[in-house]
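Visitor: Listed below, chain by chain, are the residues.
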Amino acid sequence: MTAAVPAPLPKSKILNPQSAALHIQDLTVAYHSKPVLWDVDLSIPEAKLVGIVGPNGAGKSTLIKACLNLLPKTSGAVQVFGKSYEEQRSMIGYVPQRESVDWDFPVSALEVVAMGLYGKIGWFRSVKSRHKKLAKEALDRVGIADLADRQISQLSGGQQQRVFLARALAQDTRVYFMDEPFAAVDAATERAIIELLKEFKSLGKTCFVVHHDLATVSQYFDWTVLLNMRIVKSGPTEEVFTRENLSKTYGGKLTILEEASNALRITH
Amino acid sequence: MLLKVLFVSFPFFLQPILGSASDHLGTSFIHFNFKDFLEVISLANYNTRLVILSTSILGIASGSIGSFLLLRKRSLIGDAISHACLPGIGIAFLIMTALGNTGKFLPGLLLGASISGFVGVLVVMAIRNTTKLKDDAAMGIVLSIFFGLGVALLRIITEIPGASAAGLESFIYGKTASIVLYDFWLISLVAILVTVASFILLKEWTLLCFDSGYAATQGWPVYALDLSLLVGITLVTVIGLQSVGLILIIAFLIIPPSAARFWTENLKKMLIISSVLGGLSGWVGATMSALFQNLPAGAVIVLVATTIFIFSMLFGTSRGLLIRFIKHTKLNRKIGRDHLMHSSYEVLEEMAMHENRMINNQKIKRSRLLQRRSWMDTELKSLIHTSKKNGLIERYTDEYILLGEAGFAEAARTTRNHRLWEMYLIEYAEVAPTNVDRGADLVEHVLGADIVRMLESKMKTSPYMYIPNPHSESEGLS
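Here the protein sequences line up with chains A and B, keeping their order. Position one of the first sequence corresponds to residue 1 (my numbering), numbered consecutively onward. Position one of the second sequence corresponds to residue 1001 (my numbering), numbered consecutively onward.
Since the hints were made in silico from the structure, they are not lab data. These numbers come from a predicted model, not from an experiment. Note that CB positions come from ideal geometry on N, CA and C, so glycine has one too. Any given hint could be a false lead.
Claimed, not checked - Quick partial rundown of chain A residues pointing at chain B, CB under 8 Å, derived from the structure:
1) P35
2) L68
3) G82
4) K83
5) S84
6) M91
7) Y118
8) V127
9) A148
10) Q151
As the list claims (entries may be wrong) - Just so you have them, the derived chain B footprint on chain A, three or more residues with Cβ under 8 Å:
11) 55-62
12) 100-108
Unchecked claim - Below, in silico cross-link-like pairs of lysine to aspartate or glutamate (EDC-like), each with a Cα-Cα straight-line distance of 20 Å or less:
13) K1134/B with D102/A
14) K1268/B with D104/A
15) K1268/B with D102/A
16) K1268/B with D149/A
17) K1269/B with D149/A
18) K1327/B with E99/A
19) K120/A with E1204/B
20) K1269/B with E99/A
21) K132/A with D1135/B
22) K1073/B with D102/A
23) K128/A with E1204/B
24) K1073/B with E99/A
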């Protein structure tokens, strides 16, 4: 068990949409007439590390992409701190899946991190030395400042993931959506990420993290969303992350269930 | 450095080549003499000057904006655009003729080409966004339909009595000789505009090409940025129609940036190199086509660009084949040396364990080293020889080697690193850091001191004795 158990929440999980960091109502998303998310309702308070957990194809990435307006919503509304995404965009950061970009691109680690500042730099202006300094600091915080000038294809998978996190860090937003930041990273990177997440939390930031490793859910996240095309359960991890709920989420997928029960044995 | 040499000396390379070509071919096919050559090279002739300058400036523009097209992984949309220009030329001609003009007013024709080229882009995007068809199919469809339409239109136009449509088909293959001063200004203006845009929008287009989803979350208008890039491509295509022709303009957009990529890992440098290579292709290509009147400029320009591309592919200082071969050879040699050190240490370790004493530096039998790995005898010999030169091996005979002091330390270090990595892979089997030089990189640096400490305790290290082997202890004894 982690030491930092969150303060008990009111039993009624319906938060006031104004105070909720993320409030989703009736969200349905479909790809080419095939629904991927069905009637999702969510309300998540501020300053939480939120794990979004579910089997492959459950719509985890779709959920955060729909929140970020990267995918068209078939129906429903998403609010961040009581306002629409467009209004709140400047306070929302995004860490895409590592595989979503071409790492052979002719830029250095530092240049990628500086992209986090492009929004602040604005149209037509170039990246100045003070921006580079900020980017370097962000790289330092994820422990790879010495790799700043390396071309990004020369970084290991974990280091690439840290570059993405540094970019989000440099952007310095109040809410973060992260798509599988822990996927295929080495142990040192995993620790660097989790330390960063904890720091974010202590600063009152809210992070939504798509996560696939059931064994670490209760260790990393104080709020868990169990997802399988619809919301199976959402709430404080110690209430939600139970064998029963997991079997509802993962259905008959036995191997995963086994993994889940192992995870429960380890963490409870 | 190489690049500099190339730039400075390229025209001079040509001189002897051209000279000998004229000797062999005589005057039957190519009208060539040294006076003409000087006249072309020195840009003394007014017409030649216009042609060479406008194709060079076109090359600069296509080289710069083409870099983004390449990085956006949309190279072939340039081809779709250029083919989609053809019906616009036909339609513009018809409209202008109907209005009582000559119909061959160049800006009018190019405007028509731009509009239909841009419509082609929109149709590609519409097909992609509304159907499940992928980019390549969408581009193939647009390319062939518009080109077919254009060819049919031009055919119809030539049948119209009274309309002097001769020369319209030169847009397909290009005809540099037709460039006049007015065209030159038009081409230069548009080319400069596009080049400047590539540098002004460097940051925005870079973000678009690298990570468009992320760009959208920062509030950048991704769709508009994409369109602006494609408008730039359309403009370059249109001003290139006259000289290079619509079939080959794509080469001007793709080859210079592809060649530039071999020289650098930095986008801004790539942009500059690509512009320079594009300009150079245009310059040399137009010059050659002016020297050999029978050669079509578009084709010559592409051939020159291709030569530059092949040169870059071989000798590019960043990704060229030669530099990669050298790096690979170096790596192989280093791995070989690591294996030698590692194996030597393991042999010393076995000897120490066998005699139940602490490990120390002793003579190692070559036969024992040979057993440990699938080394060819000659391979081992050359490894030993280079290690002697590097001071790792103090002396060797046909039967023994003796590590030097530095060599013994290096052997211990290499072995420790290898074993820590092996232990790490066993403990954290699912993922290992890629691109790590397992022999030499400090394990601590990659994994962090905590993990290394933990791994070491797992290996039950007794540093005075030997470095335990993670596989099993008996293995070391056998």
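Visitor: Next, verify each hint and record whether it holds.
Guide: Now the hints, each set against the structure:
For P35/A, the interface hint is violated, since its Cβ never comes within 8 Å of a Cβ in chain B; the closest pair sits about 17 Å apart. Interface restraint check: L68/A against chain B, minimum CB-CB distance 5 Å, threshold 8 Å, status holds. For G82/A, the suggested interface contact is broken, since its CB lies about 19 Å from the closest CB of chain B, more than 8 Å. Because the closest C-beta pair between K83/A and chain B is about 15 Å apart, greater than 8 Å, the hint is violated.
Using the Cβ-Cβ criterion of 8 Å, the hint placing S84/A at the interface with chain B is not satisfied: the shortest such distance is roughly 13 Å. Hint status for M91/A relative to chain B: violated, with the closest Cβ pair at about 11 Å, above 8 Å. Annotation: Y118/A was flagged as interfacial toward chain B, and the flag holds, the nearest CB pair being 6 Å apart, inside 8 Å. Restraint check, V127/A versus chain B: the minimum CB separation of about 7 Å is within 8 Å; hint holds.
Interface hint status for A148/A: violated, as the beta-carbon distance to the closest one in chain B is roughly 13 Å, over 8 Å. With a least beta-carbon distance of about 4 Å to chain B, the hint placing Q151/A at the interface is held under the 8 Å criterion. With 0 residues carrying a beta carbon less than 8 Å from a beta carbon of chain B, the region 55-62 of chain A misses the three-residue requirement, and the given coverage is violated. With a threshold of 8 Å between beta carbons, the proposed coverage of the region 100-108 of chain A by chain B holds, since 7 of its residues qualify and at least three are required.
For the proposed pair K1134/B and D102/A, the alpha carbon gap of about 19 Å is at most 20 Å, so the pair holds. Of the supplied pair hints, the one linking K1268/B and D104/A holds, its CA atoms being roughly 15 Å apart against a limit of 20 Å. Straight-line distance between C-alpha atoms of K1268/B and D102/A comes to about 17 Å, which keeps the hinted pair within the 20 Å bound. A threshold of 20 Å between alpha carbons decides the hint, and for K1268/B with D149/A the separation of about 14 Å falls inside it, so the pair holds.
Proposed proximity of K1269/B and D149/A is supported: the alpha carbons are some 15 Å apart, at most 20 Å. Taking the CA atoms of K1327/B and E99/A, the gap is about 27 Å. The hint is violated against a cut of 20 Å. Annotation: proposed proximity of K120/A to E1204/B holds, straight-line Cα distance about 13 Å (limit 20 Å). Pair hint K1269/B plus E99/A does not hold up; C-alpha atoms about 26 Å apart against a cutoff of 20 Å.
As the CA atoms of K132/A and D1135/B are separated by approximately 36 Å, the hinted pair breaks the 20 Å bound. At most 20 Å may separate the alpha-carbon atoms for a hinted pair to count; K1073/B and D102/A meet this at roughly 10 Å. This hinted pair checks out: K128/A and E1204/B have alpha carbons roughly 15 Å apart, not beyond 20 Å. The hinted pair formed by K1073/B and E99/A meets the criterion: a straight-line CA distance of about 16 Å does not exceed 20 Å.
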